[in-house]
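Q: Join these two chains into a complex; the hints should help.
If you're matching them up, the sequences are chains A and B in order. With this note's numbering, letter number 131 in the first sequence gets 131, and the count goes up by one each step, no holes. With this note's numbering, letter number 5 in the second sequence gets 151, and the count goes up by one each step, no holes.
Keep in mind that the hints were calculated from the coordinates and are not lab data.
A short, non-exhaustive set of chain B residues, derived as facing chain A with CB atoms under 10 angstroms:
1) K158
2) S166
3) C173
4) K181
5) K185
6) L187
7) T195
8) V196
9) K199
Predicted model only: the values in this text are computed from it and were never measured. The beta-carbon is built from N, C-alpha and C at its ideal position, and this holds for glycine as well.
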Amino acid sequence: MSHISSYYADIRLQTALEEGKSVEQDPGWEILNEAIWACAEEMDLDVGHSIRDYYGRLVYCDWSLSGPAFDRGIGINVNRDTGDVVFICDSYGGYERISGEIKEKVIQNYIALCVTRALSALNYEVEVEEVKHPVDGKKVLVKGVL
Amino acid sequence: MARTIKAEIGPKREIKVEFSGFPGESCFDEADRLKSALKELGLWAISVTVTPKTSSQIAKETATDVVEKKKVLHS
Chain A
1 MSHISSYYAD
11 IRLQTALEEG
21 KSVEQDPGWE
31 ILNEAIWACA
41 EEMDLDVGHS
51 IRDYYGRLVY
61 CDWSLSGPAF
71 DRGIGINVNR
81 DTGDVVFICD
91 SYGGYERISG
101 EIKEKVIQNY
111 IALCVTRALS
121 ALNYEVEVEE
131 VKHPVDGKKV
141 LVKGVL
Chain B
147 MARTIKAEIG
157 PKREIKVEFS
167 GFPGESCFDE
177 ADRLKSALKE
187 LGLWAISVTV
197 TPKTSSQIAK
207 ETATDVVEKK
217 KVLHS
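Bound conformation, chain B alone (with noise of 0.2 angstroms):
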C-alpha cells in the first residue's frame, strides 16, 4: 500500500493531516519529519489533536489496495 499524507487547510490556521498507509508507529516519525520540514520554511504546526485510526479505518484503507485477480483460461 502506498504511504500517504492528505493535508486539508482551513481558512482559520487549522491543518487536518492523515497519514495512511505507514506501517507500525512510523507514522508518527513520518509526522515529525514533516514538522521539521515545514519549521524550516517558516511554518510553525502546533499539535491540537492526534488521533489513532481504529483497526476498522485501517482495514478499509487496505481492502481499497487489493486487486481483483481474473480467472484465465489455459489452453
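Pulled out of the complex, with its shape left as it was, chain A reads as follows (with noise of 0.2 angstroms):
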C-alpha cells in the first residue's frame, strides 16, 4: 500500500544538545545558515549579526537579514537552551508584510534542505524543482527515488 502524508513542520535543534554538545554544533545549525543565504540570495538582502528597532536601537543576533527597502533587518535566534528557533523584528510602521515574507521563505528552504539531506540519508536519490504560482507562491518539490 502507499498514501499520502502532510505535516506541519517546526524547528528546534536539539540534537546536539541532547548529547551535551552546544548548539552551534547541531547539524541544522548549518542548514539553518544555508537556508538564510539562499533566502537574502533570492530577495536580494545582507546577511548580518544585528538589527534595529523602531528607535533606531541595536539588537545583536545569531543572523540577520536586512536590504535597502527593509533596513530596520529581521534577526534570528537559537535558543541555547531549547534549540528553539525565534524570528525576531520590529515591524511596526508598516514592515509587517515583508518580515513575514523573509520568515517563511527562511523556514521553506529549510524544510526543503531537511527533506533534501534526509533522503539522501536514506540512500533515495532525489531531485528538486522549484514551482512558483500566482496565488499560493512558491511551492518546492522533492523527490526521492529508491
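A: Right, dumping it as C-alpha cells:
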C-alpha cells in the first residue's frame, strides 16, 4: 500500500543539545545558515548579525537579514538551552509583510534542505524543483527514488 | 516498481508527502524513518493527515510501470 501524509513543520535544534554539545554543533545550525543565505540571495538581502528597532537601537542576533527597502532587518536567534528558532523584528510602521515574507522563505528553504538531506541519508536519489504559483507562492518539490 | 517519495513544501510550513510503490504497510515504516531523519536535522514533522491511496490510484501508478512488449519476427 502507499499513502499521502501531510505535516506541519517546526524547527528545533535539539540533536546536539541531547548529546551534551552546544547548539552551534547541531547539524541544523549549518542547514539554517544555508537556508538564510539562500533567502538572502533570492530576495537580494544582506546577511549580518544585528537588527535595529523602531528607535534605531541595535539588537544583536545569530543572523540578520536586511536590505535597502528593509534596513531595520529581521533577526534569527537559536535558544541555547532549548534549540528553538526565534525570529525577531520590530515590524511597527509597515514592516509586517516583508518580515513575514522573509521568515516564510527561510523556513521553507530550511524544510526543503532537510527533506533533501534526509532522503539522501536514506539512500534515495533526490531531485529538487521549485514551482512558482501566482496565488499559492513558491512551492519546492523534492522527489526521492529508491 | 521503484519506491518513490515526493514531498511538496509550501510557504506556510506545510509538507505534503506522497509515498508510492511500497509493498504492504511498509510505507508507514518508511514515513517513520523519514520523520526520524528529519528530526535529527532539527525538523519536527507533526502529522496532520494520513490518507491511504485508493486501489484505483495504486493500480494507475502500477500501470505506468508496465513495459510494452514488441513482437519480434524470428527467421
